[in-house]
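Chains as they are written, first to last, in the numbering used here: chain A, 1 to 223; chain B, 224 to 405; chain C, 406 to 608.
One should not assume that every hint holds.
Said to hold, decoys possible - Partial chain B-side listing against chain A, Cβ under 8 Å, derived:
1. R285
2. H311
3. V313
4. D357
5. M388
6. H391
For the record, the hints were derived by calculation from the structure and aren't laboratory data. Being a predicted model, the structure only gives us computed values, none of them experimental. Every residue, glycine too, gets a C-beta built ideally from N, C-alpha and C.
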Amino acid sequence: MKGWVVLACAAFLAVPLAAQSVRGRLEGRIPSEAIPPVDSLIQFASQEGLPTEPLIQKALEGGAKHAAAPRIVAAVQVSLGQLRDARDVLVRAGDQPPVLPAEMTTVAWALRRGLPAPVVERVVAAVTRPPRAAAMHAVADLVAHRFDPDSAAGLIIEAVRDGVPQERLLDVSTAVLQQVQRGYTRAEALAIVRRGLPNLPAPSKPTRGSVAGARRPSSPAPP
Amino acid sequence: MDVRGTPPDAEVVALVLAGDAEAFGFVIRRYEAGLLRFATRMLGSRDAAADAVAESFVRAYRHLASCREPARLRTWLYRIVTNRCKSHLVRRSVADVPLDDAPPVADPADTEADLERADQLLLVERALADLSPDKREAFVLKHVEGLSYEEMAAVTGERIPTLKMRVHRAREALLKVLEDHT
Amino acid sequence: MNVIDPRIHQALDGELAAEAVPADLRRTVAQLAAAADLLAAVPGPAVSVESRVMAAIRRPAPSPARRAMRWLVTPRAIILRVRPAWSVAFAAVVAALTLFTADHEGPVLAEHEGIAQFVGRFPEAQSVHAVGTFNDWRPGSIALEDQDHDGVWRATVVLPAGTYEYMFVVDGERWVPDHLAERLVADEFGRENSIVIVRPARR
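In isolation and in its complexed conformation, chain A is listed as follows (with noise of 0.2 Å):
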């Protein structure tokens, strides 16, 4: 009987605690009219699942742009259904609910840079296990330089059979795109590398120099 009061309790908090930090990050952010419907948009995706972060950064975009509150309150709806249809295409990728926040926000991604949606759950059906960030990003990278989104899918998704680390996935794109610099038509490019797959060029990193000198963000300015 504890036991369930103090639950109880726990569960009366939290959720006024929740809202109280979303309010806690918007405060002095946006303006205050768009506070209260902002707030009920991320508290409507709290309840379906959906991942919030993505929300609240688009409502502190808007205020740090200076836009009016209707049109934050607009962004902030837009970015919630961009989040159910994200899910959406997993769903019927086939992936099981409840599906990872993580997925739904690089699927959200992958539609928002141009994916089609069959295309985009094309790999999302290929590339069984998540992250699936850097395959969506690569086959995007891609069709953001006007390959044929089913072709570009197509590579990286013989890239992930061949077994090409998750992490190297944006290399392939890269590759392609140095051989379409070096002259090559966007098939020639392809087929140049998706047959030299699993070999990939070295990726390119920061010099030592740069890294040397690389620091972390300065701490926010109290309000």
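Position chains B and C against the provided structure of chain A, taking the given hints into account.
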């Protein structure tokens, strides 16, 4: 070199870390044959393999304090050598991997079986050289060096399913070469 | 690709007893085992690296004076906080720490951290900042620098590995996408954000 009766790895590591540099000779004598064999199969050249293994031993000596499990020194050494081989390979394309030196000159005393064995070895070596570095590494660690998949995971940092897939693909490629030539 | 019977793989992986392998597959198992045996012997005279390794190990280490000289001339990063009241004390602490971590060049990256490099050409600008999801869209925490005053602004930043959206803010008011980034998405505010993917430095 007969290494029976020499101290176990954990004891040797403790001696070296206490300042007895000469004790590192035990480590070299115990493991160099296997590491040289592995590196030769990875790089296709005994000279390159000797360079890679020597560099690896020197590195291992200098970083011995970071070997967290002296009882698993062997795995740790293989890890250093696989990384060294990868660095060597990155500096030249796989297609340029030289098959070790010139093929052995036939000795009139060689039997028919010896010659057939030499031919077969050449075939297998070429097939190995045609594999991607990842598959070659996995096949050699598994079948030549006799590491378990768990040990291979510790050496390469890859997951066991990935390593199994690479070994399987390597076997398939090897078998195709062997069947094409029978 | 020549896909072979999975029982062959199981036998060679030690997951299936030899006697359980069907007769028609045993030849293939034996063939592959024989190929591995051939590779186990490296032809030619035995090679030993012992003497050259021991020679390298016995070479005397650089003297403390030489190590100190090397430390003095090697460039390293000093991280300073922007709180004036603490800056002197903090600088003293950081200086003391770098004396004891003389082997490191720059910041020590955790396993899931990587490096992001920001570069932009703004010849007339007085200030350029990178603002995005890596700093909650707060201007001010990542300032680019144009040290040689050629109009090219740069910053190299340690960030947790992941994907981020961002823009440059020029002179505190002009929001500009990073056109060198080549990854752009609509921001829902009439502009485009750039995307940076930070890969773990230790791969």
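For this session: Would you list, in rising numerical order, the hints stated earlier that this structure does not obey?
Result: 1, 2, 6
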